[in-house]
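No gaps in the numbering here: position 199 of the sequence shown is 324 in the working numbering, and each next residue is one more.
Keep in mind that the hints were calculated from the coordinates and are not lab data. Nothing false has been slipped in among the hints.
Listed next, the in silico DSBU-like pairs over lysine-lysine satisfying Cα-Cα at most 35 Å (straight line): (1) K166 with K232; (2) K227 with K166; (3) K299 with K227; (4) K169 with K220; (5) K169 with K227; (6) K232 with K220; (7) K299 with K220; (8) K232 with K169; (9) K299 with K232; (10) K220 with K166.
Ranges of calculated distance between the beta carbons of each label pair, as one might list FRET restraints: (11) L199 with P230: 41 to 47 Å; (12) L295 with I200: 25 to 31 Å; (13) L264 with S184: 27 to 33 Å; (14) T258 with R177: 33 to 39 Å; (15) P183 with I235: 39 to 45 Å; (16) K169 with F282: 48 to 54 Å; (17) I257 with K169: 41 to 47 Å.
Note that the Cβ used here is the ideal one computed from N, Cα and C, for glycine as well.
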Amino acid sequence: NVLGKSSKALYAVALLASGQSSTITGTYAGQFIMQGFLNLKMKKWVRNIVTRCIAITPSLIVSIIGGSQGAGRLIIIASMILSFELPFALIPLLKFSSSSTKMGPYKNSIIIIVISWILGIGIIGINVYYLITSFVDWLIHNDVPKVGNVFIGIIVFPLMAIYIIAVIYLTFRKDIVVTYVEPQKDEAANTQGWQNLKSMRNLELTCPIDTTGIDTTGT
Numbered sequence: 126n127v128l129g130k131s132s133k134a135l136y137a138v139a140l141l142a143s144g145q146s147s148t149i150t151g152t153y154a155g156q157f158i159m160q161g162f163l164n165l166k167m168k169k170w171v172r173n174i175v176t177r178c179i180a181i182t183p184s185l186i187v188s189i190i191g192g193s194q195g196a197g198r199l200i201i202i203a204s205m206i207l208s209f210e211l212p213f214a215l216i217p218l219l220k221f222s223s224s225s226t227k228m229g230p231y232k233n234s235i236i237i238i239v240i241s242w243i244l245g246i247g248i249i250g251i252n253v254y255y256l257i258t259s260f261v262d263w264l265i266h267n268d269v270p271k272v273g274n275v276f277i278g279i280i281v282f283p284l285m286a287i288y289i290i291a292v293i294y295l296t297f298r299k300d301i302v303v304t305y306v307e308p309q310k311d312e313a314a315n316t317q318g319w320q321n322l323k324s325m326r327n328l329e330l331t332c333p334i335d336t337t338g339i340d341t342t343g344t
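Let the hints inform the model, and build the full structure from the sequences given.
Written as structure tokens, this is what we have:
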């Protein structure tokens, strides 16, 4: 209602983008798990079919059984679950990639840190706001007796408070354990030697030396 008729187009674009990102992520995750953890090597087209069938089959079954209304409800429920779990995936990612104790010199720059945290806090705030307001609106306009609403409120509101406290704790918790390990001098020297050797070989390939008239037999 806020965006009017254009909200349909925006929702369709967002749904298409989320579907593409989830498909790509699922394919790569399946590839890494099969090759790394399970030591299973499959052809690319077989792996793509398997991962897509695992992702699409449950949704297809729900759509066939429930029809268009069932598919719409499934999308709404999945969106609510994802918005509820988003802070616990986004905040550790932002903190990990922006922490010098975790990433060392490879951490994000100040500009990326500021922009990513502003966007992350904005998205999390919007999700938390709509979760709370949606529950309060349902609590006011549902057909459950008042006694039932009271018991539901007694259970849900403390859970919401715990959820918000957990998000705040996750945001301001300090990273004490240092996981970034600087390379030793020997490792750095070996790495530099390999890089120099590689650059020399590339130079020989790009600029061949004319050995005409030079005795290469050692006599």
